[in-house]
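Position chain B relative to chain A; hints supplied.
Protein chains: 2
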Amino acid sequence: MPLADAAKEAGVTVYHLNIGQPDIESPRKAIDAMRAWDGKVLAYGHSQGQKFLLETLVSYYRSCGLDVNLEDVFVTTAGSEAIVFAMTAVADPGEEVIVFEPFYTNYNGFASMASVKLVPLTLSVENGFHLPPREAIKRKITPHTRAILYCNPNNPTGTVYTEDEVETLADIALDNDLFLLADEVYREFIYDTGVKHTSVLQFTDIWDRAVMLDSVSKRFSMCGARIGHIVTKNRDIWASVMKFGQARLCPPQIEQVAVDAAYRMTPDEYVIPMIAEYRRRRDTVYDKLQAIPGVKSFLPEGAFYLVAALPIDDADRFSAWLLTDFWKQEGIRETVMLAPASGFYATEGMGANEVRIAYVLSCEQLGRAMDLVARALEVYPGRKT
Amino acid sequence: MPLADAAKEAGVTVYHLNIGQPDIESPRKAIDAMRAWDGKVLAYGHSQGQKFLLETLVSYYRSCGLDVNLEDVFVTTAGSEAIVFAMTAVADPGEEVIVFEPFYTNYNGFASMASVKLVPLTLSVENGFHLPPREAIKRKITPHTRAILYCNPNNPTGTVYTEDEVETLADIALDNDLFLLADEVYREFIYDTGVKHTSVLQFTDIWDRAVMLDSVSKRFSMCGARIGHIVTKNRDIWASVMKFGQARLCPPQIEQVAVDAAYRMTPDEYVIPMIAEYRRRRDTVYDKLQAIPGVKSFLPEGAFYLVAALPIDDADRFSAWLLTDFWKQEGIRETVMLAPASGFYATEGMGANEVRIAYVLSCEQLGRAMDLVARALEVYPGRKT
Chain A
1 MPLADAAKEA
11 GVTVYHLNIG
21 QPDIESPRKA
31 IDAMRAWDGK
41 VLAYGHSQGQ
51 KFLLETLVSY
61 YRSCGLDVNL
71 EDVFVTTAGS
81 EAIVFAMTAV
91 ADPGEEVIVF
101 EPFYTNYNGF
111 ASMASVKLVP
121 LTLSVENGFH
131 LPPREAIKRK
141 ITPHTRAILY
151 CNPNNPTGTV
161 YTEDEVETLA
171 DIALDNDLFL
181 LADEVYREFI
191 YDTGVKHTSV
201 LQFTDIWDRA
211 VMLDSVSKRF
221 SMCGARIGHI
231 VTKNRDIWAS
241 VMKFGQARLC
251 PPQIEQVAVD
261 AAYRMTPDEY
271 VIPMIAEYRR
281 RRDTVYDKLQ
291 AIPGVKSFLP
301 EGAFYLVAAL
311 PIDDADRFSA
321 WLLTDFWKQE
331 GIRETVMLAP
341 ASGFYATEGM
351 GANEVRIAYV
361 LSCEQLGRAM
371 DLVARALEVY
381 PGRKT
Chain B
1 MPLADAAKEA
11 GVTVYHLNIG
21 QPDIESPRKA
31 IDAMRAWDGK
41 VLAYGHSQGQ
51 KFLLETLVSY
61 YRSCGLDVNL
71 EDVFVTTAGS
81 EAIVFAMTAV
91 ADPGEEVIVF
101 EPFYTNYNGF
111 ASMASVKLVP
121 LTLSVENGFH
131 LPPREAIKRK
141 ITPHTRAILY
151 CNPNNPTGTV
161 YTEDEVETLA
171 DIALDNDLFL
181 LADEVYREFI
191 YDTGVKHTSV
201 LQFTDIWDRA
211 VMLDSVSKRF
221 SMCGARIGHI
231 VTKNRDIWAS
241 VMKFGQARLC
251 PPQIEQVAVD
261 AAYRMTPDEY
271 VIPMIAEYRR
281 RRDTVYDKLQ
291 AIPGVKSFLP
301 EGAFYLVAAL
311 PIDDADRFSA
321 WLLTDFWKQE
331 GIRETVMLAP
341 ASGFYATEGM
351 GANEVRIAYV
361 LSCEQLGRAM
371 DLVARALEVY
381 PGRKT
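First to last, the sequence lines map onto chains A and B.
Per the numbering used here, residue 1 is the first one in the first sequence, and the count goes up by one each step.
Per the numbering used here, residue 1 is the first one in the second sequence, and the count goes up by one each step.
Here chain A stands alone, though its shape is the one from the complex:
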């Protein structure tokens, strides 16, 4: 970040492909609902979330074909709190949660807060970061394992797990008395016919083992609202979440009004056109990447990220060089900020030549950014062929 700031101070335009902050406008109806709030006392709300929002969430999940009831839902202060609460509820300090790497970096911080140990199982760009065979997953289970945490559609890889893959996870959870923590915040971010999202809640035989984690941050481009939710039919887990929820009293109030308005929109009003825009962006980035010699990637099926292996010595060095040297060397006033993928791996040394690209800019900006990446790979001193 300091390198990006320095470049900007030198008058350089930096295309941020490194962060998952969409440029998509938040729903006008949500912002208007917030601006229309005219209470006298901004008082505590319910720990579970305000009833109007809980009811709206039940309707939303039912519209997704999921059998969710009022008592299954819990409103959290963003997906972040949902993950911390879930980890703390399923595992005691020192116990283990299996994750698939690369994974959303902040799982590390949440695990640290919950004092649980993340046990990574490494995936490969070669098969589009799909899950390894059942036996490989089972080998990671120890007497201390309490849960498997996965993100579907996946951040950072863009992979959408097949129904078979999710079913395999469900089977493993059932056979080994584990919880299945399913981060489904990108549920709607699916780009191709033939690919569909499989929710952990579709498998009724593991309802008692399933904890779904969700958030409005990406669905409604409201990252700053800090509203998420947990859905679980396990009453003990729900009661633990309630205990933590009561300690922190309540989630932010005004944003619940905004989020409620967002969820009450029809898909046509917001989500469907947004997904169409992301599809164009994904295609732009992917087509450009395909044309660059030596780059290994795959067509992401969902979310708004992809991970690509580049023909370079080290992605940290390459990313820094883009900000410090590339534009000077080329005599231009533009460059790109990438996220080195090493940060998404727990295993030392993994992902050294990989980057995550978030396609959260306009197609025009993304096209230009990818042209810059292509040029940079031609002239980068650490290029490997």
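Heads up, a few of these hints could be off.
Have a look at the derived ranges for each label pair, beta carbon to beta carbon [claimed, not checked]: (1) A:Glu364 <-> B:Asp177: 57 to 67 Å; (2) B:Lys51 <-> A:Thr347: 29 to 39 Å; (3) B:Arg317 <-> A:Asp164: 55 to 65 Å.
Calculated from the structure, these hints are not laboratory results.
For glycine and all other residues, C-beta sits at the position ideal for the given N, C-alpha and C.
Frame of chain A; chain B shown alone:
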């Protein structure tokens, strides 16, 4: 709560003296600032908090005579998050934090989330819940103790610790290499000349051991905003807090705009008249209590609570009876909800005949509520003389 709901459904007015939710209006300027927000994207903010708010907070603390700089402050999602972050930063799982009981109940939930063990030291209504002698505090220190957590002015007792008391805590922290976690959310809630608030940050020799916890919930009657702050000059603790803060990305955005406007008001505009109102309320409750035979209490010096020992068998039973039987027996349509103090003690059996009263209603309502308490104590079957 179900008992109170049942009474209300029967058409009974319930005076809530049990919760710290003020009826005081939030600052109009804060609500207007929120309503005036007209951004397009409700985006992620900075993990530390937005710069405009951090700068305003520095001005606020300096106006309190505290030498606080921008890099000392961290905006949290309410005081709740401030406490969890601080506990997690100072103690590893299983380590101990000394607290004085009765204490704010939710410390239990935060300790459970942070996997730290609270070690209670019992105070007494007899000396207005002031701190015990130095040696008694030191006896609670074990090789696993990492911090002392205290709340000043105190919730639930209303006690304001003297400068000597805070200095003693500072000395103990310094001598025993402990952190001092000071919950100062009621800083301004002081009612008498001759009583003043002593901040942990006044003792420069323990700057490296001090973590101040703060919140706007009570100061601006904005409990639903969920904005708090941590102030510490210990760079390691600050860095730990930043690590947790980065994991949860950012505090809610819109409320930071509102809170900034609240802090920019002069004390005359809001806090001073609010404190004057609370002083009238305190006097109303205390005068009424004093006139009830057999009640043991003391004039609370700060916050907006007091703890009173009642001439009853059991405060849980008495509180329930107020909601279920008292009004029927009296043929009236009014009653009172109290908080049994046992919930504020960690030690089993403590506070059995004590209640906490939050004076968060108008003087008229409080007067009526206290008259009902007086009458109830006359006719309660479990009365003890």
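Hints, verified against the model:
Between Glu364 of chain A and Asp177 of chain B the Cβ separation comes to about 58 Å, which falls inside the hinted range of 57 to 67 Å. Between Lys51 of chain B and Thr347 of chain A the beta carbons are some 37 Å apart, a value that agrees with the proposed interval 29 to 39 Å. For Arg317 of chain B paired with Asp164 of chain A, a C-beta distance near 58 Å keeps the hint of 55 to 65 Å intact.
Going through the hint list in order, the structure satisfies each hint without exception.
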